[in-house]
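Enquirer: The primary structure of each chain is shown beneath.
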Amino acid sequence: MELQNKQTVRIPMDDDKIVELYWERNEKAVEETDFKYKKYLFSIAYNIVHDRLDCEECLNDTYLGAWNAIPPTKPSVLKAFLTTIIRRIAIKRYHSNMRQNVIPSEMTVSLSELEDFVAGDEDVGAEFDAERLGHIISDFVRSLSERRQFIFMSRYYLADPIDTIASDLSLSRSMVNKELAAIRSALKEKLESEGYSI
Amino acid sequence: MKKKEWNEGLNYLDPDLVEKYVEQKDRLRQKNKKPKSIWLRFGAIAACFAVAFIAVAGIAFHGYFNKPVYLENGKIDISSLSGAQIVQSVPDVSQGTDGDIYPPDEFVSILKERTDLIVYGTIQNLKTVKVDELGAYSWYVSTFEIHVIDEIRNGDGTQTITVVSAARYYNDMPEYICGLSSNFDLAESKAGLFVMRENTEETWRIAGADLIVAELGDYRASSQFECNGESFNYFGELIDLDELKKE
Numbered sequence: 000m001e002l003q004n005k006q007t008v009r010i011p012m013d014d015d016k017i018v019e020l021y022w023e024r025n026e027k028a029v030e031e032t033d034f035k036y037k038k039y040l041f042s043i044a045y046n047i048v049h050d051r052l053d054c055e056e057c058l059n060d061t062y063l064g065a066w067n068a069i070p071p072t073k074p075s076v077l078k079a080f081l082t083t084i085i086r087r088i089a090i091k092r093y094h095s096n097m098r099q100n101v102i103p104s105e106m107t108v109s110l111s112e113l114e115d116f117v118a119g120d121e122d123v124g125a126e127f128d129a130e131r132l133g134h135i136i137s138d139f140v141r142s143l144s145e146r147r148q149f150i151f152m153s154r155y156y157l158a159d160p161i162d163t164i165a166s167d168l169s170l171s172r173s174m175v176n177k178e179l180a181a182i183r184s185a186l187k188e189k190l191e192s193e194g195y196s197i
Numbered sequence: 000m001k002k003k004e005w006n007e008g009l010n011y012l013d014p015d016l017v018e019k020y021v022e023q024k025d026r027l028r029q030k031n032k033k034p035k036s037i038w039l040r041f042g043a044i045a046a047c048f049a050v051a052f053i054a055v056a057g058i059a060f061h062g063y064f065n066k067p068v069y070l071e072n073g074k075i076d077i078s079s080l081s082g083a084q085i086v087q088s089v090p091d092v093s094q095g096t097d098g099d100i101y102p103p104d105e106f107v108s109i110l111k112e113r114t115d116l117i118v119y120g121t122i123q124n125l126k127t128v129k130v131d132e133l134g135a136y137s138w139y140v141s142t143f144e145i146h147v148i149d150e151i152r153n154g155d156g157t158q159t160i161t162v163v164s165a166a167r168y169y170n171d172m173p174e175y176i177c178g179l180s181s182n183f184d185l186a187e188s189k190a191g192l193f194v195m196r197e198n199t200e201e202t203w204r205i206a207g208a209d210l211i212v213a214e215l216g217d218y219r220a221s222s223q224f225e226c227n228g229e230s231f232n233y234f235g236e237l238i239d240l241d242e243l244k245k246e
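In order, the protein sequence lines correspond to chains A and B. Going by numbering that gives the first Met the number 0, 149 is the number at position 150 of the first sequence; the sequence numbering is gapless. Going by numbering that gives the first Met the number 0, 101 is the number at position 102 of the second sequence; the sequence numbering is gapless.
The reader is advised that the hints may include incorrect statements.
[To be verified] Okay, derived cross-link-like pairs now, PhoX-like style, lysine-lysine, Cα gap no bigger than 20 angstroms in a straight line:
id, chain 1, residue 1, chain 2, residue 2
1, B, K19, A, K78
2, A, K187, B, K1
3, B, K1, A, K189
4, B, K30, A, K78
5, B, K1, A, K91
6, A, K177, B, K1
In short, the hints are calculated from the structure, not lab data. As the structure is a prediction and not an experimental result, all values here were calculated from the model.
Sequences and hints are given; from them, build the entire structure.
Expert: Okay, here's the thing in structure tokens:
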């Protein structure tokens with residue numbers, strides 16, 4: 000006699016299999032992505048835009064972005080690929096919302112920490128070369144120790160709260176703050192040497 | 000540079016850096032999810048039995064301190080812990096390790112990668128108490144101060160460091176050791192090398208109650224070694240402290 004109300008536990012699919020679904024243009028790919036990564040992606044968006052409705056929209060745009068990009072892209076690390084997409088989308092939403100009012104998110108706080116050399120909410124200038132800046136920042140991150148790389152990425156790429164970073168690394172808040180201060184000082188020097196006006 | 004320009008620049012961060020970061024974060028989160036040591040699991044089981052016993056016997060616990068007594072350094076005196084008996088020595092215990100033994104060079108590399116505070120100093124104001132739990136468990140908890148003679152790694156200039164260290168025993172056999180080695184001479188005049196971790200929100204479950212470790216010491220000993228002032232002895236090989244200081 001079969002058991003009634005048998006409960007099954009759903010296990011997230013392997014990333015390789017999810018990417019395969021995208022390649023096969025099987026819509027189950029989005030469903031599996033949502034099941035596996037929704038919470039993670041939502042937390043990235045929330046650190047930036049600090050609004051649940053906006054986060055839901057960012058999530059949906061991310062899934063659409065992934066659907067449109069795969070193929071031809073075949074990401075080697077799906078989680079990282081989704082991270083870059085949602086960050087890009089959330090940042091765009093953040094700056095758009097900031098025109099109306101200040102957003103009390105971790106992104107706002109983390110940007111304020113960089114006010115020595117990053118300030119002003121105006122739009123990007125016509126001459127600005129984002130790709131060049133991206134390479135400079137990448138070189139800078141690579142020059143850091145492993146721990147500082149992690150701290151930089153957590154705080155300034157994904158706007159993780161300091162307590163979260165401290166918990167991830169089993170450090171105190173004060174230690175994380177010390178590391179951030181050292182990172183900012185080195186970053187300022189690097190940007191100045193590359194000709195960015197401070 | 001404008002904020003929007005900064006964020007646009009970050010959109011062009013090399014993908015391999017993002018991949019590395021995401022994988023590292025996953026590893027750290029997995030590692031932090033695992034029980035930090037076996038005793039936490041035993042502690043939880045012991046606590047469940049302790050709670051059940053209380054419910055049946057109708058005994059009320061009044062918190063883990065009878066009436067907290069504060070020391071000059073701002074920390075709570077361990078002897079005011081409920082059921083604490085002051086003792087002069089800890090039964091013979093060995094260093095807590097994960098079972099691996101490393102060659103000295105590798106050991107130094109490992110210490111260099113870690114974020115532990117490493118100092119050379121003398122012990123002052125050592126106090127040890129024993130607390131018996133229900134069943135066959137007992138704890139030895141020590142608090143002491145280290146007067147820093149030399150910072151080796153990750154120090155911030157603090158001259159006096161408050162430390163707490165604990166060992167849990169089951170039927171007089173050590174189960175979990177947090178740093179005190181029976182081989183180390185705790186005489187206050189003798190200097191040693193100390194490796195410690197900062198206490199944040201960690202709690203220890205002693206006698207069925209959660210003890211906030213930071214109220215006893217700013218650091219907990221993660222390991223500690225014999226030292227003669229210029230080097231330390233690791234499995235028969237002398238290691239220069241200056242090597243540890245180097246980045």
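Enquirer: Now, for every hint given, state plainly whether the structure supports it.
Expert: Verification of the supplied hints:
1. B:K19 to A:K78: Distance ~11 angstroms between K19 of chain B and K78 of chain A Cα, so the pair holds.
2. A:K187 to B:K1: holds (14 angstroms)
3. B:K1 to A:K189: Holds, because 16 angstroms separates the two Cα atoms, which is no more than 20 angstroms.
4. B:K30 to A:K78: holds (19 angstroms)
5. B:K1 to A:K91: Satisfied, since the Cα-Cα distance of roughly 14 angstroms is no more than 20 angstroms.
6. A:K177 to B:K1: violated (25 angstroms)
Going down the numbered hints, you'll see the structure goes against just number 6.
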